[in-house]
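S.K.: Dock chain B against the given chain A, drawing on the hints supplied.
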Amino acid sequence: MKMNLSHFEAAFLFSLFTSIVLGVVTKRTDRDRLHYGLYTFGCFLVALFGIGWLMYLGHG
Amino acid sequence: MTKEKQQKQPVPPLGAWLPAVALGWLIPGGGHFLLKRTGRGGLLLAAVTGMFVCGLLMRGAMFQPQSGDFLTVLINTGGFVGDVCSGVFYLLSVWLGYSQPDTAGHVHDYGTKFLVTAGLLNVLAMVDAYEIAIGRKE
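Those protein sequences? They're chains A and B, same order as listed. Position one of the first sequence corresponds to residue 1 (this note's numbering), numbered consecutively onward. Position one of the second sequence corresponds to residue 1 (this note's numbering), numbered consecutively onward.
So that you can see chain A by itself, here it is in the shape it has in the complex (with noise of 0.2 Å):
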């Protein structure tokens, strides 16, 4: 069996395990944790996507 991702799916499957992990060992309770890891992977997505575009316009 063989996993064929896209780009986009291999980094978005990496910014959510990296996030969960993340958010359990920064903050001290469990809305913070919560609220962090939320923040992490929407920061993930907001940097894929913003990188995505800087490359494709770079790209010409």
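Hints listed in this document are in silico derivations from the structure and should not be mistaken for laboratory results. Accuracy of the hints is not assured; some may be wrong.
[Stated by the list, open to error] Below, simulated DSS-like cross-link-like pairs (lysine-lysine); rule was C-alpha separation at most 27 Å, straight line:
hint	chain 1	residue 1	chain 2	residue 2
1	B	Lys-137	B	Lys-36
2	B	Lys-36	A	Lys-2
3	A	Lys-27	B	Lys-113
4	B	Lys-8	A	Lys-2
5	B	Lys-8	B	Lys-137
6	A	Lys-2	B	Lys-113
7	A	Lys-2	B	Lys-137
Small disclaimer: the values here were computed from a predicted structure and weren't measured.
M.R.: Just chain B now, with coordinates in the frame of chain A:
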């Protein structure tokens, strides 16, 4: 910085944190389970396992320490340490004969990064288990 802050904190006894950190290395989230933080342990286990399994399914390569120029040593040794930090997943995959050559292609490349990152995320989980075990964190 005040003198109180500059003073070194006493080193916590080994027995207080070593079992949690060692179990946390072997089984991601295991330290949290040992310290009765099952919810957080479950999330860590799911995230690290998911990352590692995706890396395997993408046929990522495992790093081996290599000699050579500084960058080669740094990348390969760092990558190897990252892989080993996945604990039982690394041991099982090596024991069961997983050996993927480093081939070109974005999927393989992502897979290699997923495998290393799984170990690095487990390091974060181990540090968290350490802080809980010594009472610095709830």
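S.K.: Taking the hints in turn, state whether each one holds.
M.R.: These are the hints, each one checked on the structure:
1. Lys-137(B) - Lys-36(B): Holds, at about 13 Å.
2. Lys-36(B) - Lys-2(A): Measuring from Cα to Cα gives roughly 36 Å; hence the hint is violated.
3. Lys-27(A) - Lys-113(B): holds (26 Å)
4. Lys-8(B) - Lys-2(A): violated (51 Å)
5. Lys-8(B) - Lys-137(B): holds (18 Å)
6. Lys-2(A) - Lys-113(B): Holds. Lys-2(A) to Lys-113(B) sits at ~16 Å (cutoff 27 Å).
7. Lys-2(A) - Lys-137(B): Not satisfied, since the Cα-Cα distance of roughly 40 Å exceeds 27 Å.
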